[in-house]
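Using the hints, position chain B against chain A.
Quick note, the sequences are listed as chains A and B, same order.
For the first sequence, the tail end lands on 405 under full-length UniProt numbering, and the numbers increase by one without skipping.
For the second sequence, the tail end lands on 132 under full-length UniProt numbering, and the numbers increase by one without skipping.
No lab work stands behind these hints, which were simulated from the structure alone.
Here the structure is a predicted model, which means the values were calculated and not measured.
Don't take each hint at face value.
Facing chain B, from chain A, some residues (calculated, C-beta under 8 Å) [as the list claims (entries may be wrong)]: (1) L31; (2) D34; (3) F38; (4) D44; (5) F45; (6) L74; (7) G75; (8) D84; (9) L90; (10) Q335.
C-beta: ideal position from N, C-alpha, C; glycine also.
Chain residues, written in single-letter form:
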Amino acid sequence: AMAWRAAPRAAARLLLGRRGIASCIDPSTGLTEDQKEFQKVAFDFAAKEMAPYMAEWDEKEIFPVETMRKAAQLGFGGIYVKPDVGGSGLSRLDTSIIFEALSTGCTSTTAYMSIHNMCVWMIDTFGNEEQRHRFCPSLCSMEKFASYCLTEPGSGSDAASLLTSAQRKGDTYILNGSKAFISGGGDTDVYVVMCRTGGPGPKGISCLVLEKGMPGLSFGKKEKKVGWNSQPTRAVIFEDCVVPVGNRLGAEGQGFSIAMQGLNGGRINIASCSLGAAHASVLLAQEHLTVRKQFGEPLANNQYLQFRLAEMATRLLAARLMVRNAARALQDGRQDAAVLCSMAKLFATDECFGICNQALQMHGGYGYLKDYAVQQFVRDIRVHQILEGTNEVMRMIVARNLLQG
Amino acid sequence: QAIDDDCNQTGQLLAAMLDWPQGTFASRVELEDGAVRVQREVDGGLETLRLRLPAVLTADLRLNEPRYATLPNIMVAKKKPLEVIPAADLGVSGGSPRLKVLQVQEPPARAGGEKVESVEALVEKLRQSGRI
Numbered sequence: 001a002m003a004w005r006a007a008p009r010a011a012a013r014l015l016l017g018r019r020g021i022a023s024c025i026d027p028s029t030g031l032t033e034d035q036k037e038f039q040k041v042a043f044d045f046a047a048k049e050m051a052p053y054m055a056e057w058d059e060k061e062i063f064p065v066e067t068m069r070k071a072a073q074l075g076f077g078g079i080y081v082k083p084d085v086g087g088s089g090l091s092r093l094d095t096s097i098i099f100e101a102l103s104t105g106c107t108s109t110t111a112y113m114s115i116h117n118m119c120v121w122m123i124d125t126f127g128n129e130e131q132r133h134r135f136c137p138s139l140c141s142m143e144k145f146a147s148y149c150l151t152e153p154g155s156g157s158d159a160a161s162l163l164t165s166a167q168r169k170g171d172t173y174i175l176n177g178s179k180a181f182i183s184g185g186g187d188t189d190v191y192v193v194m195c196r197t198g199g200p201g202p203k204g205i206s207c208l209v210l211e212k213g214m215p216g217l218s219f220g221k222k223e224k225k226v227g228w229n230s231q232p233t234r235a236v237i238f239e240d241c242v243v244p245v246g247n248r249l250g251a252e253g254q255g256f257s258i259a260m261q262g263l264n265g266g267r268i269n270i271a272s273c274s275l276g277a278a279h280a281s282v283l284l285a286q287e288h289l290t291v292r293k294q295f296g297e298p299l300a301n302n303q304y305l306q307f308r309l310a311e312m313a314t315r316l317l318a319a320r321l322m323v324r325n326a327a328r329a330l331q332d333g334r335q336d337a338a339v340l341c342s343m344a345k346l347f348a349t350d351e352c353f354g355i356c357n358q359a360l361q362m363h364g365g366y367g368y369l370k371d372y373a374v375q376q377f378v379r380d381i382r383v384h385q386i387l388e389g390t391n392e393v394m395r396m397i398v399a400r401n402l403l404q405g
Numbered sequence: 001q002a003i004d005d006d007c008n009q010t011g012q013l014l015a016a017m018l019d020w021p022q023g024t025f026a027s028r029v030e031l032e033d034g035a036v037r038v039q040r041e042v043d044g045g046l047e048t049l050r051l052r053l054p055a056v057l058t059a060d061l062r063l064n065e066p067r068y069a070t071l072p073n074i075m076v077a078k079k080k081p082l083e084v085i086p087a088a089d090l091g092v093s094g095g096s097p098r099l100k101v102l103q104v105q106e107p108p109a110r111a112g113g114e115k116v117e118s119v120e121a122l123v124e125k126l127r128q129s130g131r132i
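Looking at chain A on its own, in the form it has when it is part of the complex (with noise of 0.2 Å):
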């Protein structure tokens, strides 16, 4: 007789349902037969290997490097990287996939591995063919790490007013000043710093490739954070830190705009995320109806609490659908994409902060526990409505392209 494989461990079971197949809210429709294998593969991830650890690595601050690197090895370390220098080629729409599954499974670290990708991505498309050889196979791989260095203590939302210095001497730039609320930093080996060369305003500022261990580059204390706990978050100090001209991206002059075009994937990446942790938070409010019963009967047979459902996963198909719009305008070059690409990180991370804390009550008293992943889910995505451009400056811009453009 063939004995059934023993059940996984509880989390990692709920988790294998957390695709949500076969519903309304199955995230592998409209997509191709390829697009459904990246997705399969990443959601087995997710499942296997990152949410039977979620809770630890957010109760621990761990920074799971080794899943990391597991990830890599599929390809996930540069996913819309050229292959030539070790990424994985895929398209903007596939790199939402990705995430999107990814995060269902540890939607913090998912959310890291975003802002190293977008970083592997401007060195690929900004350096040059040294640049690009230098840096990117060990990013790539995951063997180096790397960070987004834009935010200063005086400049958030206004980040074309960044201050940190960058004085030409000779074949180096010296920089001074200091970069706030860097994920990884600290812990990751590559910075890709926004630093200003030149006069005021976007068109003063370069990017430089910075690493650790250059004399001159420090780190401020490890941040506490409400949520995504599993990646170091620190300031990034430059003190007369001297910088080869060598490791310039692009032209002087030019860093703002490649700050900015990272940006473009990266609120498509941090919208995916945001996805993710819905998909998961709508499944998990979806079993627990089911399980839970009040008054005689589970919760599920309450119409209000029926409609609220409802409401959750319409406005994640909404939300969904903004995203891959806009992963496909960025992917074949659209004059809107930049616009499109905030409106669809405003949307997502809005509505899908608001679907995760729904499901949360829905939980009700155990969904204030840190033994429900839902809680956990609701403190990784609420930053997402603040960082890569908050959601007021994504107002900003769609604003002025429809009063301005």
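Same frame as chain A, now just chain B:
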């Protein structure tokens, strides 16, 4: 167990035709010099056999954890050549089914049981029905 008829026969048939030893439902396989040590999943638990090579093994799901497909491999998979070899080219004739289905019937519907008053009565009933 084949995915079509679940008959659990192919490996065993092959071993008989080749006159090779067989280790079915393998959950662990260790190669030795000229032999293979096979741990089998059986109804009573685990059985370990040592088979001289060559041998036929069939795999139980506990044998291995499948690898993840990598993104590059997924993309390359579509471009792999798919060679179609007609059976005649391999000198294999027939290919038409040699099994004929004579009858399909449901097992008898489950009849109600019987309550007995004592252990002696139970043993007597079991003896009567030929169970012991």
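Do the hints match the structure? See the list:
Restraint check, L31 (chain A) versus chain B: the minimum CB separation of about 13 Å is more than 8 Å; hint violated. For D34 (chain A), the interface hint holds, the least distance from its beta-carbon to any beta-carbon of chain B being 6 Å, beneath 8 Å. The criterion of a C-beta within 8 Å of any C-beta in chain B is met by F38 (chain A), whose closest approach is roughly 6 Å, and the hint holds. Because the beta carbon of D44 (chain A) sits about 6 Å from the nearest beta carbon in chain B, less than 8 Å, this interface hint is met.
Satisfaction of the interface hint for F45 (chain A) is found here, the shortest Cβ-Cβ separation to chain B being roughly 6 Å, below the 8 Å cut-off. A hinted interface residue such as L74 (chain A) counts as satisfied when its beta carbon comes closer than 8 Å to some beta carbon of chain B; here the least separation is about 5 Å, so the hint holds. Interface restraint check: G75 (chain A) against chain B, minimum CB-CB distance 3 Å, threshold 8 Å, status holds. Taking 8 Å as the C-beta contact cut-off toward chain B, the hint placing D84 (chain A) at the interface is violated, the least distance being around 12 Å.
Annotation: interface hint on L90 (chain A) holds; nearest CB of chain B at approximately 7 Å, less than 8 Å. Contact between Q335 (chain A) and chain B, as hinted, is not supported at the beta carbon level, the nearest pair being about 29 Å apart and thus beyond 8 Å.
The structure shown violates the earlier hints numbered 1, 8 and 10.
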